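Here the protein sequences come in this chain order: E and R. Counted from 1, the first sequence has number 217 at position 215 by the working numbering; the numbering is strictly sequential. Counted from 1, the second sequence has number 356 at position 353 by the working numbering; the numbering is strictly sequential.
These are calculated hints, taken from the structure and not from any lab test. Given the structure is predicted, the values throughout are model-derived calculations rather than measurements. C-beta atoms are modelled at their ideal positions from N, C-alpha and C, and glycine is treated no differently. One thing to keep in mind: the hints can contain errors.
[Unchecked claim] Listed next, with one range per pair, are the computed distances between beta-carbon atoms:
#, chain 1, residue 1, chain 2, residue 2, range
1, R, Arg354, E, Arg96, 55 to 65 Å
2, E, Glu119, R, Ala276, 23 to 33 Å
3, R, Leu305, E, Arg115, 23 to 33 Å
4, E, Ala221, R, Arg354, 56 to 66 Å
5, E, Pro75, R, Lys269, 43 to 53 Å
[As the list claims (entries may be wrong)] Computed cross-link-like contacts, DSBU-like style, restricted to lysine-lysine with a CA-CA straight-line distance of at most 30 Å:
#, chain 1, residue 1, chain 2, residue 2
6, E, Lys11, R, Lys44
7, E, Lys116, R, Lys192
8, R, Lys119, R, Lys94
9, R, Lys94, R, Lys191
10, E, Lys132, R, Lys192
11, R, Lys191, E, Lys116
12, R, Lys191, R, Lys269
13, R, Lys119, E, Lys60
14, E, Lys60, R, Lys94
15, E, Lys132, R, Lys119
16, E, Lys116, E, Lys132
17, R, Lys192, R, Lys119
18, R, Lys192, E, Lys60
19, R, Lys44, E, Lys132
20, R, Lys192, R, Lys269
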Amino acid sequence: MHDMSPTIKVEELRKAYGELRAVDGVSFDVQTGEFFGILGPNGAGKTTTLEMMEGLRKPDSGSVTLFGESPWPRNPRLLPRIGVQLQASAFFERLTAREQIRTFASLYGVSARKADEWLAVVGLEDMAGKRNEDLSGGQQQRLSIACALAHGPDLVFLDEPTSGLDPQARRNLWDVLRDISAQGRTVVLTTHYLDEAESLCDRVAIMDHGRILESGPPATLVRDLDAPTRISVETGTITAEAARGLADGLEVSDDGVSLTIATRTPAPVLSALAERDALRGLSVRGATLEDVFLHLTGREYRA
Amino acid sequence: MTSFVSLSSAMARGFFRDRTALFFTILFPLMFLVLFGGLFKDAGASKTDILQIGAVPVVDQLPAEAAAGLDQVLAVTRTSDRAAALEEVRKGDKAAAIEQVGGELIVHYSAADAVKSATVRGIVESLVQQANLAAAGVTTPAVTMRTQPVEDQSLKAIQYMTPGLLGWAIATGATFGAALTLVTWRQKKILRRLRLSPVPIASIIGARVAVSIAIAGAQCAMFIGVALLPYFGLQLSDQWWAFIPVMIAGTLAFLSIGLVAGAASKTPEAASAIANLITLPMAFLSGAFFPLDGAPEWLQNLSEFFPLKHLVSSMQDVMVRGESFAVTLPDIGILLGFTLVLAAVAAFLFRWDDA
Ligand SMILES: Nc1ncnc2c1ncn2[C@@H]1O[C@H](COP(=O)(O)OP(=O)(O)OP(=O)(O)O)[C@@H](O)[C@H]1O
Ligand SMILES: [Mg+2]
Chain E
3 MHDMSPTIKV EELRKAYGEL RAVDGVSFDV QTGEFFGILG PNGAGKTTTL
53 EMMEGLRKPD SGSVTLFGES PWPRNPRLLP RIGVQLQASA FFERLTAREQ
103 IRTFASLYGV SARKADEWLA VVGLEDMAGK RNEDLSGGQQ QRLSIACALA
153 HGPDLVFLDE PTSGLDPQAR RNLWDVLRDI SAQGRTVVLT THYLDEAESL
203 CDRVAIMDHG RILESGPPAT LVRDLDAPTR ISVETGTITA EAARGLADGL
253 EVSDDGVSLT IATRTPAPVL SALAERDALR GLSVRGATLE DVFLHLTGRE
303 YRA
Chain R
4 MTSFVSLSSA MARGFFRDRT ALFFTILFPL MFLVLFGGLF KDAGASKTDI
54 LQIGAVPVVD QLPAEAAAGL DQVLAVTRTS DRAAALEEVR KGDKAAAIEQ
104 VGGELIVHYS AADAVKSATV RGIVESLVQQ ANLAAAGVTT PAVTMRTQPV
154 EDQSLKAIQY MTPGLLGWAI ATGATFGAAL TLVTWRQKKI LRRLRLSPVP
204 IASIIGARVA VSIAIAGAQC AMFIGVALLP YFGLQLSDQW WAFIPVMIAG
254 TLAFLSIGLV AGAASKTPEA ASAIANLITL PMAFLSGAFF PLDGAPEWLQ
304 NLSEFFPLKH LVSSMQDVMV RGESFAVTLP DIGILLGFTL VLAAVAAFLF
354 RWDDA
């Protein structure tokens with residue numbers, strides 16, 4: 003692509019359900035080939051934003067442009083170029099996994115063989131003959147993603163693609179998504195897993211109450227937060243009292259399982275703990291996207 | 004085109020794997036046919052049983068043609084035991100007993116069944132008149148009487164019921180099929196997923212039309228197949244297959260009714276209720292279950308507004324009454340008119356999404 007215009011351009015997007023302003027003035031661009039993540043607590047407005055981008059919902063105001071065109075109303079020029087996995091999976095009734103993906107593939111003129119390959123990519127070849135009603139939640143989720151990707155779209159929308167997946171399947175899916183991104187395709191995903199966003203996304207936007215609170219590359223957001231490092235040891239290894247005395251300006255908390263010390267200068271604290279031989283169950287964690295998320299939304303994230 | 008084919012096949016598989024839908028679309032109407040076909044096997048062409056005591060020249064010497072005609076309405080059993088014969092009539096087992104004593108033909112009839120005995124008296128009277136005319140040398144009488152019962156009473160029950168119940172089955176199948184596909188596909192977000200794919204709307208609707216017509220075809224095959232069994236004894240006219248165009252037009256009309264019901268409802272339950280509310284009363288008021296000839300005139304007029312009436316009467320015309328394809332043309336036109344109007348309403352009400 004030699005043109006410099008972004009693949010996605012979202013400007014001042016708004017959508018209200020009655021009194022509730024689900025999306026309240028959202029703007030961002032996504033460049034061609036970029037991996038873009040939208041984070042936010044339940045009800046933040048992620049799905050609503052995505053659906054307006056996909057052309058499933060009409061914005062109250064503001065605009066969405068994909069490849070220079072508006073997705074609303076249903077735009078047949080855009081549809082073959084985008085792939086969508088919806089938060090709530092949608093399958094034909096009483097069809098097997100194989101029939102399911104072949105049917106969707108054929109709507110895009112993709113061969114049955116190619117469709118079957120995608121079934122293998124998401125690890126469902128053994129489940130090919132099972133009806134979707136008989137698949138587990140995670141298997142349905144993987145099938146739904148395969149259905150979104152089988153036609154090789156230039157732009158992919160994934161709404162919480164890894165929710166309900168076991169850790170193994172989740173890692174596998176990350177590999178699949180990295181591959182897609184490496185092929186120069188543009189990916190937009192929403193997630194509650196901050197490690198996922200940190201590991202996959204070139205850029206993230208953190209949303210709450212229908213607004214984007216912050217956006218940028220995960221590393222930049224974390225660095226800009228300038229959050230303390232957290233050092234934890236098993237509860238009972240050292241008393242909170244003693245821990246506070248290890249250095250100046252320490253924040254100490256104990257949840258009954260582990261005792262956590264927050265500090266901006268971890269090195270002296272660690273050596274002091276070592277001197278006291280109080281390292282049982284030690285873990286050291288730098289600031290993560292989770293801290294950014296917490297800091298911005300003021301809430302624990304709920305996976 | 005590929006999308007039309009793959010959607011049709013997805014829809015058809017979904018249907019044929021749905022036991023409930025299969026039961027209500029195919030087996031349930033067929034049960035009606037088997038049940039009523041069996042119950043009323045001898046109705047319609049019901050002959051009146053009479054006894055003939057000894058020789059009755061008036062009957063015995065009837066020309067072959069007249070004898071065959073008589074055979075259609077009277078089942079005559081010959082006996083020589085006069086006392087036993089009269090006893091049978093008294094008990095109501097037979098409608099009448101006839102005997103001829105010289106020039107006098109005596110009809111012993113039971114008063115138990117006024118209609119039947121009147122029938123017998125009427126028929127015997129006409130036989131006597133014919134015999135008198137013949138005796139007087141009038142071989143070609145100036146006025147002859149031919150008994151031609153009202154058509155629907157002459158149609159054996161199975162003749163009437165096969166097209167009637169089949170029309171009802173097709174109507175129900177097409178209405179429910181379209182209504183439930185539309186609602187469940189919307190509710191299960193399949194429509195929304197399809198909206199995101201480049202499939203033309205025409206392919207989605209085309210697929211439903213193709214599947215509905217295929218189902219109607221299957222219903223016809225099952226119905227006609229069962230009714231043709233010797234036990235039921237359906238007799239098809241020479242050009243019976245001329246019902247196919249009107250069957251397709253009827254399927255389209257009811258499919259559009261189903262689309263309206265589906266577009267107007269949010270849940271499958273609501274869609275079923277609407278579909279039932281439309282098809283069930285219509286079946287009774289359109290002559291699908293029983294003839295409307297005896298119904299009040301306002302009802303007969305009202306029935307003209309029901310697509311089912313046009314479907315059923317045209318199917319009866321060509322399948323069992325021996326009418327030609329041309330007779331069905333007005334009904335085909337009316338059914339297609341229904342289709343156009345209702346499809347427009349459905350398109351107006353159509354929603355991809357609940358939200
Ligand atoms: N169809 C709808 N009608 C009314 N309100 C809605 C509708 N869809 C969403 N909402 C409301 O809009 C807000 C944003 O919803 P949205 O689905 O966009 O959130 P989300 O960020 O995707 O949440 P989650 O993480 O739970 O998926 C919520 O408060 C939700 O209750
Ligand atoms: Mg959501």
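The hints, checked one at a time:
1. R:Arg354 x E:Arg96: 55 to 65 Å: Taking Cβ atoms as reference, Arg354 of chain R and Arg96 of chain E lie about 24 Å apart, which means the hint is violated.
2. E:Glu119 x R:Ala276: 23 to 33 Å: violated, 45 Å
3. R:Leu305 x E:Arg115: 23 to 33 Å: 58 Å Cβ-Cβ, so the 23 to 33 Å window is violated.
4. E:Ala221 x R:Arg354: 56 to 66 Å: About 44 Å separates the Cβ atoms of Ala221 of chain E and Arg354 of chain R, which means 56 to 66 Å is violated.
5. E:Pro75 x R:Lys269: 43 to 53 Å: Hint violated: Cβ distance 22 Å, outside 43 to 53 Å.
6. E:Lys11 x R:Lys44: violated, 74 Å
7. E:Lys116 x R:Lys192: This hinted pair holds, its Cα atoms lying about 25 Å apart.
8. R:Lys119 x R:Lys94: holds, 14 Å
9. R:Lys94 x R:Lys191: Since the Cα atoms of Lys94 of chain R and Lys191 of chain R sit roughly 66 Å apart, the hinted pair is violated (cutoff 30 Å).
10. E:Lys132 x R:Lys192: holds, 20 Å
11. R:Lys191 x E:Lys116: Roughly 26 Å separates the two Cα atoms, so the pair holds.
12. R:Lys191 x R:Lys269: Measuring from Cα to Cα gives roughly 11 Å; hence the hint holds.
13. R:Lys119 x E:Lys60: violated, 74 Å
14. E:Lys60 x R:Lys94: Judged against 30 Å, a Cα distance of about 82 Å means the pair is violated.
15. E:Lys132 x R:Lys119: Distance of about 65 Å is beyond 30 Å: violated.
16. E:Lys116 x E:Lys132: holds, 19 Å
17. R:Lys192 x R:Lys119: Not satisfied, since the Cα-Cα distance of roughly 63 Å exceeds 30 Å.
18. R:Lys192 x E:Lys60: Holds. Lys192 of chain R to Lys60 of chain E sits at ~17 Å (cutoff 30 Å).
19. R:Lys44 x E:Lys132: With Cα atoms ~47 Å apart, Lys44 of chain R and Lys132 of chain E exceed 30 Å; violated.
20. R:Lys192 x R:Lys269: With Cα atoms ~12 Å apart, Lys192 of chain R and Lys269 of chain R stay inside 30 Å; holds.
The structure shown violates the earlier hints numbered 1, 2, 3, 4, 5, 6, 9, 13, 14, 15, 17, 19.
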